[in-house]
Amino acid sequence: MNRYLQSIGFPPKFEDEKPFDLLEGLSPTVAVEQRTTRIFNPRSTVGTKTRLYNLLRMLYATEGKLVCPICKEPVKENLECDICGMVIERLEIKHFSFNEPSGMCLACKGRGYQMHLTEELIVQDYNKNLMQITKAGSAVFADQIRFVE
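The numbering of the sequence shown is this note's numbering, which starts it at 208 and goes up by one.
Keep in mind that a hint or two might mislead.
To be verified - Once the Cα atoms are required to be at most 35 Å apart in a straight line, the calculated DSBU-like pairs of lysine-lysine come out as:
(1) K272 x K283
(2) K301 x K283
(3) K301 x K256
(4) K283 x K316
(5) K256 x K316
(6) K301 x K279
(7) K316 x K272
(8) K256 x K272
(9) K301 x K272
(10) K301 x K316
(11) K335 x K279
In case anyone wonders, no lab produced these hints; they're calculated from the structure.
I would like the entire structure built from these sequences, with the hints used as guidance.
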């Protein structure tokens with residue numbers, strides 16, 4: 208028992224531990240070392256690497272309780288709200304995946320962050336036109352800029 212407690216980060220509590228013939232119901236432990244890897248996938252997390260994320264998705268889909276998005280009341284087995292009559296879609300594993308359109312945040316597309324342009328940083332002086340802003344002789348974007356009157 209002490210070894211199990213140590214493996215999940217707790218100090219041993221039993222000084223005079225008696226030997227066990229069988230222990231049941233203990234969850235497996237996972238040790239995760241923090242290190243930099245060459246993974247460029249923003250959706251790769253500790254949960255996805257250890258496959259715990261898949262187990263959580265399965266748990267949420269099978270044991271999750273549906274709530275009506277309109278009146279916030281629990282929805283029964285028939286998937287229809289008793290208060291407002293709205294029919295709710297059954298929870299599936301895909302609803303808890305940030306790689307699936309039905310489960311990802313549509314604003315960030317499952318990445319966990321959004322990219323925005325800050326207009327104040329791009330256009331610092333509204334009194335100048337594009338030709339006045341660029342440095343004299345700078346032709347970096349000259350072939351990509353078209354002036355329309």
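For each hint, the structure was consulted:
no., hint, result
1, K272 x K283, "holds, 9 Å"
2, K301 x K283, "holds, 21 Å"
3, K301 x K256, "holds, 18 Å"
4, K283 x K316, "holds, 30 Å"
5, K256 x K316, "holds, 20 Å"
6, K301 x K279, "holds, 22 Å"
7, K316 x K272, "holds, 25 Å"
8, K256 x K272, "holds, 27 Å"
9, K301 x K272, "holds, 16 Å"
10, K301 x K316, "holds, 14 Å"
11, K335 x K279, "violated, 53 Å"
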